[in-house]
Amino acid sequence: MRIGLLIPCYIDQLYPDVGIATLEILERLGLEVDFPSAQTCCGQPMSNTGCTDAARRLAERVVDIFEPFTHVVCPSGSCTAMIRLHYGDLLPDGPRLTQLQTKTYELCEFLHDVMQVKSWPFARFPVRVGLHVSCHGLRELRLGRSSETMAPRPDKVRDVLKLVDGIEMVSLERPDECCGFGGTFAVSEEAVSAVMGRDRIADHRAAGAEVLTAADMSCLMHLDGLIRRDHLPLPVMHVAQILAGRPIPVSKKSET
Amino acid sequence: MKAATLDHPELAATFTSDNERTHWHDQALWFVRAKRDRAASSIPEWEYLRELASKVKQHTIANLPELLEKFEQEATRLGARVHWARTAEEHNQIVLQLLREHHATHVVKSKSMLTEECHLNPFLERNGIEVIDTDLGERIVQLRHEPPSHIVLPAIHIKKEEVGTTFHEHLGTPAGLADPQALTEAARVHLRERFLDAEVGITGANFAVAETGGIVVCTNEGNADLGAVLPNVHIVCVGIEKLVPRLQDLAVYTRLLARSATGQPITAYTSHFHGPRPGGKLEIVLVDNGRSTLRDDEEFRDALHCIRCGACMNTCPVYRRSGGHSYQSTVPGPIGSVLSPKQAPASHQSLPFACSLCGSCTDVCPVKIPLHHQLLALRRQLADTHHVAASKRWSMSMCAWLMSYPRLFSGVGALARWSLAHLPRFVLYGRHNSWGRARELPDPPSTSFRAWYAAHRGHPSRPRPERSH
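Protein chains in written order, with our numbering: chain A, 1 to 256; chain B, 1 to 469.
You may find that some hints are simply not true.
Stated by the list, open to error - The calculated label-pair distances, taken between Cβ atoms and stated as ranges, are:
#, chain 1, residue 1, chain 2, residue 2, range
1, A, Pro152, B, Leu78, 41 to 47 Å
2, B, Trp418, A, Leu29, 32 to 38 Å
3, A, Gly94, B, Asn63, 30 to 36 Å
4, A, Met1, B, Arg431, 48 to 54 Å
5, B, Asp297, A, Lys162, 43 to 49 Å
6, B, Thr447, A, Gly208, 31 to 37 Å
7, B, Arg437, A, Pro152, 24 to 30 Å
8, A, Pro154, B, Gln27, 30 to 36 Å
9, A, Pro152, B, Ser419, 20 to 26 Å
10, A, Gly88, B, Glu66, 28 to 34 Å
Claimed, not checked - If you only want the chain B side, here are some residues facing chain A, beta carbon under 8 Å, derived:
#, residue
11, Ala13
12, Ser322
13, Leu357
14, Ala400
What the hints assert, rightly or not - Below, simulated SDA-like cross-link-like pairs (lysine to any residue); rule was C-alpha separation at most 20 Å, straight line:
#, chain 1, residue 1, chain 2, residue 2
15, B, Lys159, B, Glu146
16, B, Lys368, A, Arg153
17, B, Lys392, A, Asp53
If you're looking for bench data, these hints aren't it; they were derived computationally from the structure.
For each residue, glycine too, the CB sits at the ideal point set by N, CA and C.
Take the sequences, apply the hints, and build the full model.
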């Protein structure tokens with residue numbers, strides 16, 4: 001097993017600790033992990049704006065760069081969904097694409113399905129945690145059962161998190177409503193996006209969450225931006241950071 | 001290529017500026033969504049039914065010409081007259097012609113999104129015909145000279161106090177009356193008179209059964225039934241996609257429709273019309289108006305499965321917080337954001353982007369239209385046909401170019417981190433920064449992951465992973 005670590009561009013540049021935590025988790029499981037430094041972005045922002053040619057250019061690079069690996073692991077449901085479900089819209093069918101699509105996993109999915117972890121001795125987190133279920137992980141990768149659908153499914157992110165000693169998961173009024181990030185949507189539909197995010201935060205706070213977590217840092221970047229603007233006491237952590245045993249981050253002061 | 005109308009983001013921003021109302025609207029629709037969840041969960045085979053409903057529609061759309069002819073044959077055999085309209089204009093002309101034939105000047109109409117789509121009411125009014133919408137919600141918006149904001153709950157955006165004001169002005173109810181039951185009673189009295197006056201009743205149709213030539217209309221108020229049986233003439237306006245092949249297929253949809261729409265096990269009235277009643281006339285207008293074009297489009301064909309339940313609106317986090325009118329489209333919400341830009345891309349170009357691609361609409365849809373994937377595909381079509389702003393396309397090309405060079409990408413990332421840490425707030429949060437209007441920018445870390453990795457895992461940056469073991 002040779003793992004290629006796929007680190008989303010914004011995590012690489014803005015949230016390096018999420019990448020480090022992901023790497024540490026995989027290394028603790030005794031896996032051989034490499035971060036191919038030629039990688040940049042999966043092309044999702046371009047694809048979701050309809051700019052197919054621009055997206056294709058980046059998708060081709062990803063197929064090349066991750067060819068040598070047996071598995072590709074990514075701490076983002078959204079980027080993983082881009083590769084698995086949408087690269088087919090950009091690139092011609094073929095064994096190289098299919099191989100990449102079948103060997104690429106979101107981090108919790110990899111831990112749940114491939115490593116089949118049944119215990120997690122690497123972290124203790126005696127905290128009430130609100131799990132924000134990111135849409136692309138849920139409704140594209142099917143990491144769990146969406147509240148709209150009625151057929152049972154394993155809840156992969158939650159099941160992995162629950163292995164952490166001491167963790168307590170709060171129940172939300174709306175278990176899987178979108179946070180309103182949506183990539184460029186956050187900017188082009190700024191008004192609705194902000195209301196959506198504030199509503200999610202209010203739900204987590206009402207449920208008594210002390211930390212807000214998600215398997216996608218992009219949702220958390222948006223939610224944290226609102227939390228800090230509104231001076232709310234709700235730190236955010238990527239699921240990988242909890243699994244890697246990180247403490248709760250101390251919030252820095254922000255102005256208004 | 002900018003359309004004359006306002007775009008969704010601007011109208012949505014206006015809607016959300018009233019925070020209290022936004023949340024009231026969101027809660028009202030979430031209540032319906034939650035009721036739908038309970039109703040759907042009561043059916044163990046729910047997901048099987050959705051799959052079946054999707055497959056039957058796929059078959060129907062594939063065999064549409066034959067099924068339509070079969071329907072015409074059977075409906076004619078039952079004594080109805082069947083008319084064919086290629087466009088909205090043809091539809092309106094046919095209806096007007098029929099009204100003239102029957103010397104009608106007073107018409108009652110039950111809810112029909114098709115006649116909204118064809119703008120039948122203003123057309124008939126221009127031709128001297130009084131049209132009264134008899135669905136309570138539709139009557140409310142008609143009195144207020146507004147379009148419906150939702151396809152099942154046309155007046156969901158209006159509060160009961162506002163209905164009271166409208167009824168006080170138009171129906172003479174006491175000022176300040178806001179009791180829903182009293183208001184409904186007043187509407188009922190007002191509408192009964194109109195039902196008795198009308199020479200013709202127009203209804204839509206939820207389903208048309210090819211095998212039997214029957215028309216099925218689902219309502220909760222019984223207004224379609226009064227409109228269909230009190231006047232002598234019943235005109236049914238129906239889109240050609242509303243067909244189901246056999247009577248037995250109908251059950252699949254009646255089980256899904258009301259549960260998806262309002263969380264009811266079934267609508268209060270599910271009325272079957274098989275030919276005209278004794279002494280009466282039944283006129284059926286089959287309307288294409290772009291449906292055949294959609295049928296020819298492989299990527300969007302499934303949108304014709306839509307049974308107009310409105311579940312995608314109730315579940316859409318954007319619709320709930322921006323209101324139906326922000327879409328400026330007869331059918332708003334996710335399905336409207338597919339249908340309208342397919343018909344008129346220039347005037348509806350912002351709709352496929354009024355979506356966070358959360359996929360809730362796709363999962364709630366009882367006929368499994370892949371709505372959010374269609375919205376994504378539409379974005380591609382709009383970009384390809386230059387309906388996406390050149391600045392956006394240019395900046396995305398720039399980004400892709402930049403991202404093709406890891407070192408350049410790293411350099412720009414470092415510059416961004418430095419800027420976030422050092423630039424004064426008024427520069428960072430200037431007018432250009434819509435992200436920062438409601439949110440803080442990320443706290444910049446001192447280094448990137450790739451720099452950390454190079455320093456701590458000892459592999460210097462390489463263009464390709466060439467390491468072999």
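Here is how each hint holds up against the structure:
no., hint, verdict
1, A/Pro152 <-> B/Leu78: 41 to 47 Å, "holds (45 Å)"
2, B/Trp418 <-> A/Leu29: 32 to 38 Å, "holds (36 Å)"
3, A/Gly94 <-> B/Asn63: 30 to 36 Å, "holds (34 Å)"
4, A/Met1 <-> B/Arg431: 48 to 54 Å, "holds (51 Å)"
5, B/Asp297 <-> A/Lys162: 43 to 49 Å, "holds (45 Å)"
6, B/Thr447 <-> A/Gly208: 31 to 37 Å, "holds (35 Å)"
7, B/Arg437 <-> A/Pro152: 24 to 30 Å, "violated (41 Å)"
8, A/Pro154 <-> B/Gln27: 30 to 36 Å, "holds (31 Å)"
9, A/Pro152 <-> B/Ser419: 20 to 26 Å, "violated (48 Å)"
10, A/Gly88 <-> B/Glu66: 28 to 34 Å, "holds (33 Å)"
11, Ala13, "holds (4 Å)"
12, Ser322, "holds (5 Å)"
13, Leu357, "holds (6 Å)"
14, Ala400, "holds (4 Å)"
15, B/Lys159 <-> B/Glu146, "holds (14 Å)"
16, B/Lys368 <-> A/Arg153, "holds (18 Å)"
17, B/Lys392 <-> A/Asp53, "holds (13 Å)"
Violated hints for the displayed structure, listed by number in ascending order: 7 and 9.
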